[in-house]
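Novice: Chains as they are written, first to last, in our numbering: chain F, 1 to 111; chain E, 1 to 113.
One or more hints might be untrue.
As the list claims (entries may be wrong) - Keeping only pairs whose Cα atoms sit at most 30 angstroms apart, straight-line, the calculated DSSO-like set for lysine-lysine is: (1) Lys-68/F to Lys-57/F; (2) Lys-57/F to Lys-81/F; (3) Lys-76/F to Lys-57/E; (4) Lys-108/F to Lys-57/F; (5) Lys-57/E to Lys-14/E; (6) Lys-101/E to Lys-68/F; (7) Lys-101/E to Lys-81/F; (8) Lys-9/E to Lys-108/F; (9) Lys-57/E to Lys-83/E; (10) Lys-108/F to Lys-76/F; (11) Lys-9/E to Lys-101/E; (12) Lys-9/E to Lys-71/E; (13) Lys-9/E to Lys-81/F; (14) Lys-101/E to Lys-108/F; (15) Lys-57/E to Lys-57/F; (16) Lys-81/F to Lys-108/F; (17) Lys-14/E to Lys-101/E; (18) Lys-83/E to Lys-14/E; (19) Lys-57/E to Lys-9/E; (20) Lys-101/E to Lys-71/E; (21) Lys-70/E to Lys-9/E.
Simulated from the structure, these hints should not be mistaken for laboratory data.
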Amino acid sequence: GQNIDQPTEMTATEGAIVQINCTYQTSGFNGLFWYQQHAGEAPTFLSYNVLDGLEEKGRFSSFLSRSKGYSYLLLKELQMKDSASYLCAVRGTSGTYKYIFGTGTRLKVLA
Amino acid sequence: DGGITQSPKYLFRKEGQNVTLSCEQNLNHDAMYWYRQDPGQGLRLIYYSQIVNDFQKGDIAEGYSVSREKKESFPLTVTSAQKNPTAFYLCASSIDRERGKAFFGQGTRLTVV
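Chain F with its partners taken away, still in its complex shape:
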């Protein structure tokens, strides 16, 4: 079957660093995506990994290990506006190519 697992909720303090993990089991692999979603709004794209390793983009970094079916999103210098849900998604192959989303991790940033 196809499955993506993320923690349901995390809490961190303003200015701190937080790591959100994602493990996946999918039919084929054509990239892993991280999205940010504020309550009642559409998801917005944060990062994309298709090869193993770390991708850095400002305060956000994402890591991928394809052999372990594992990724994480690292948020540095947390700000109150980072309070949101973070969705991990995998794009499959083998004729489907659809995006499969995890349930999302709700991050609360405290002052």
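Could you slot chain E onto chain F? The hints should help.
Specialist: Positioned in the frame of chain F, the structure of chain E alone reads:
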């Protein structure tokens, strides 16, 4: 500016009525998707289309129908057969069936009373 537009943002319907949600994109993307999101849950795929005049059922297609007559448009009809239609509906598109990230519309919150 290029983008993907969903309308309306909020929609109220009486139980038993069909309702159609609009999704239009001017990004020249081949692939389009419809997702449903319920409180505290992730995105579940309803239907997707990888090219004009072709579409496939996702994981929760029962009670929904779609069409893809034009590249730019992928409307979703929520029929009276959908048992629990109240939800947040998201339309997305990607450049083609293999490459690229998904771009999302603003979403439509459907409430059936």
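Novice: Does Lys-101/E pair with Lys-81/F here, judged by a C-alpha cut-off of 30 angstroms?
Specialist: Within the cut-off at roughly 23 angstroms; holds.
Novice: Going straight from one Cα to the other, do Lys-57/E and Lys-83/E come out at no more than 30 angstroms?
Specialist: Roughly 17 angstroms between the alpha carbons, so the hint for Lys-57/E and Lys-83/E holds.
Novice: Need the status of pair Lys-83/E, Lys-14/E: alpha-carbon distance at most 30 angstroms?
Specialist: Satisfied, since the Cα-Cα distance of roughly 13 angstroms is no more than 30 angstroms.
Novice: Checking one constraint from the list: CA of Lys-14/E to CA of Lys-101/E, max 30 angstroms. Satisfied?
Specialist: 36 angstroms, violated
Novice: Does the structure keep Lys-76/F and Lys-57/E at a Cα separation of 30 angstroms or less?
Specialist: 39 angstroms, violated
Novice: Do the alpha carbons of Lys-101/E and Lys-68/F lie within 30 angstroms of each other, as the hint requires?
Specialist: 22 angstroms, holds
Novice: Straight-line Cα separation of Lys-101/E and Lys-71/E no greater than 30 angstroms?
Specialist: 18 angstroms, holds
Novice: Holds or violated: Lys-57/E with Lys-14/E, Cα cutoff 30 angstroms?
Specialist: Holds. Lys-57/E to Lys-14/E sits at ~26 angstroms (cutoff 30 angstroms).
Novice: If you draw a straight line from the CA of Lys-9/E to the CA of Lys-81/F, is it 30 angstroms or shorter?
Specialist: 23 angstroms, holds
Novice: Keeping to a limit of 30 angstroms between CA atoms, is the pair of Lys-68/F and Lys-57/F held or broken?
Specialist: 23 angstroms, holds
Novice: Mind checking the alpha carbons of Lys-81/F and Lys-108/F for me, to see if they're no more than 30 angstroms apart?
Specialist: At roughly 10 angstroms apart (the allowed maximum being 30 angstroms), Lys-108/F and Lys-81/F satisfy the hint.
Novice: Given the hinted pair Lys-108/F and Lys-76/F, is their alpha-carbon gap at most 30 angstroms?
Specialist: Given that 30 angstroms is the threshold and the Cα spacing comes to 14 angstroms, the pair holds.
Violated hints, in rising order: 3, 15, 17; the structure is consistent with all others.
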